[in-house]
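Participant: If you want the building blocks of each chain, they are given just below.
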Amino acid sequence: GQQLNQSPQSMFIQEGEDVSMNCTSSSIFNTWLWYKQDPGEGPVLLIALYKAGELTSNGRLTAQFGITRKDSFLNISASIPSDVGIYFCAGQLSWGYGNKLVFGAGTILRVKS
Amino acid sequence: DVKVTQSSRYLVKRTGEKVFLECVQDMDHENMFWYRQDPGLGLRLIYFSYDVKMKEKGDIPEGYSVSREKKERFSLILESASTNQTSMYLCASDRDRNTGELFFGEGSRLTVL
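Residue numbers (this note's numbering), protein chains in the order written: chain E, 3 to 115; chain C, 3 to 115.
Hints listed in this document are in silico derivations from the structure and should not be mistaken for laboratory results.
Keep in mind that a hint or two might mislead.
FRET-style restraints, in silico, Cβ to Cβ [stated by the list, open to error]:
(1) Ala54/E / Asp28/C: 18 to 26 Å
(2) Asp53/C / Asn7/E: 15 to 23 Å
(3) Gly55/E / Val14/C: 24 to 32 Å
(4) Ser79/E / Lys72/C: 41 to 49 Å
(5) Gly55/E / Lys20/C: 22 to 30 Å
(6) Ala54/E / Glu81/C: 42 to 50 Å
(7) Val46/E / Arg111/C: 12 to 20 Å
(8) Leu43/C / Glu19/E: 21 to 29 Å
(9) Ile30/E / Lys72/C: 22 to 30 Å
(10) Asn60/E / Glu64/C: 34 to 42 Å
(11) Met56/C / Val86/E: 34 to 42 Å
(12) Ser59/E / Lys55/C: 39 to 47 Å
Partial selection, computed: residues in chain C whose CB lies under 10 Å from chain E [to be verified]:
(13) Gly18
(14) Lys20
(15) Val21
(16) Pro41
(17) Gly44
(18) Tyr66
(19) Glu103
(20) Phe106
(21) Gly109
Idealized CB from N, CA, C, for every residue including glycine.
Based on the provided sequences and hints, a complete structural model is requested.
Facilitator: Quick look at the structure:
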C-alpha cells in the first residue's frame with residue numbers, strides 16, 4: 003500500500019530553536035496534512051494543504067505542499083516547551099466511498115527548556 | 003465544542019477474550035474511523051464507516067470487526083484478543099470527507115496478556 007517516509011524520527015532541541023520535519027512518498031496525494039498529538043491525547047489538525055506548491059502558515063508553523071505532490075515539510079519557528087509531542091504528516095487520496103488518509107510514522111519532538 | 007469520546011482509556015485483557023471498544027461523537031458526523039497507533043508505524047486504518055450499518059475495511063482489518071447501529075456510535079470488536087493486538091486504538095470522525103480533517107478521541111490503550 004501507500005507509504006509515507008517521515009523524518010526525523012525524533013528531535014531533541016533547545017527552546018527557541020527552529021524545527022524542520024518532512025514527509026516523502028512514492029505516491030501522489032491530493033492533500034497533505036500535519037497533525038500534532040500531545041501526550042495522552044488524540045492527534046489534532048495543525049495545517050492542511052490542498053494545492054501543489056502551496057505554502058501555508060499558522061502562527062509559528064509553516065508548511066508546504068511539494069510541487070510534485072509527493073512530499074511536504076513542516077517548520078516550527080522559535081520552539082517553546084508546549085511544542086513537545088508527536089507530529090504526524092498525512093496524505094489524502096481518493097479511495098472507495100471517500101478519501102483515505104495515509105499517516106507517516108511520526109516525529110517525536112522534545113524541547114529542552 | 004466538538005467531542006469524540008472513547009469509553010475506556012486503559013484496558014487489560016487476556017488472550018482469547020472478546021473486547022469491545024466504544025466510541026461516541028456528538029458532532030453529527032457521517033464518517034467514523036478506527037485507527038491503531040504503534041511506535042514507528044504511525045496510525046493505521048482498521049475500519050471506517052460512512053453511514054449507519056455501513057462499514058469498509060481499512061488497511062489492517064484482520065482480527066477486528068466493527069458495528070455502527072447509530073450515527074453517533076462506532077464500536078470496534080476484537081472477537082478473540084491476541085497479544086499482537088496490544089496497542090493504542092484511536093477513534094475519529096470527520097464532517098467533510100474532502101478536507102482530511104479528522105477529530106480524534108483520546109485513545110484507548112489495550113494490553114493483551
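Participant: Was the hint right that Glu103/C lines chain E, CB cutoff 10 Å?
Facilitator: 5 Å, holds
Participant: When the nearest CB of chain E is found for Phe106/C, is that gap smaller than 10 Å?
Facilitator: 3 Å, holds
Participant: Should the hint that Ala54/E and Glu81/C are 42 to 50 Å apart at their CB atoms be regarded as holding?
Facilitator: With a Cβ separation near 43 Å, Ala54/E and Glu81/C satisfy 42 to 50 Å, so the hint holds.
Participant: Quick check on a hinted range of 41 to 49 Å for Ser79/E and Lys72/C, using CB atoms only.
Facilitator: 44 Å, holds
Participant: Should the hint that Val46/E and Arg111/C are 12 to 20 Å apart at their CB atoms be regarded as holding?
Facilitator: At 18 Å between Cβs, range holds.
Participant: Kindly confirm whether 22 to 30 Å is satisfied by the beta carbon distance between Gly55/E and Lys20/C.
Facilitator: Taking Cβ atoms as reference, Gly55/E and Lys20/C lie about 50 Å apart, which means the hint is violated.
Participant: Do the beta carbons of Met56/C and Val86/E sit within 34 to 42 Å of each other?
Facilitator: 39 Å, holds
Participant: Given a cut of 10 Å on the nearest C-beta pair, is the interface hint for Tyr66/C held or broken against chain E?
Facilitator: 17 Å, violated
Participant: Evaluate the given range 15 to 23 Å for the C-beta pair formed by Asp53/C and Asn7/E.
Facilitator: Distance hint for Asp53/C, Asn7/E is violated at roughly 34 Å.
Participant: If you take the shortest Cβ to Cβ gap from Lys20/C to chain E, is it below 10 Å?
Facilitator: 25 Å, violated
Participant: Take the C-beta atom of Gly55/E and the C-beta atom of Val14/C, compute their distance, and say whether it sits inside 24 to 32 Å.
Facilitator: Check failed, 49 Å falls outside 24 to 32 Å.
Participant: Answer holds if the nearest beta-carbon of chain E is closer than 10 Å to that of Gly18/C; otherwise answer violated.
Facilitator: 29 Å, violated
Of the numbered hints stated above, those contradicted by the structure are hints 1, 2, 3, 5, 9, 13, 14, 15, 18, listed in ascending order.
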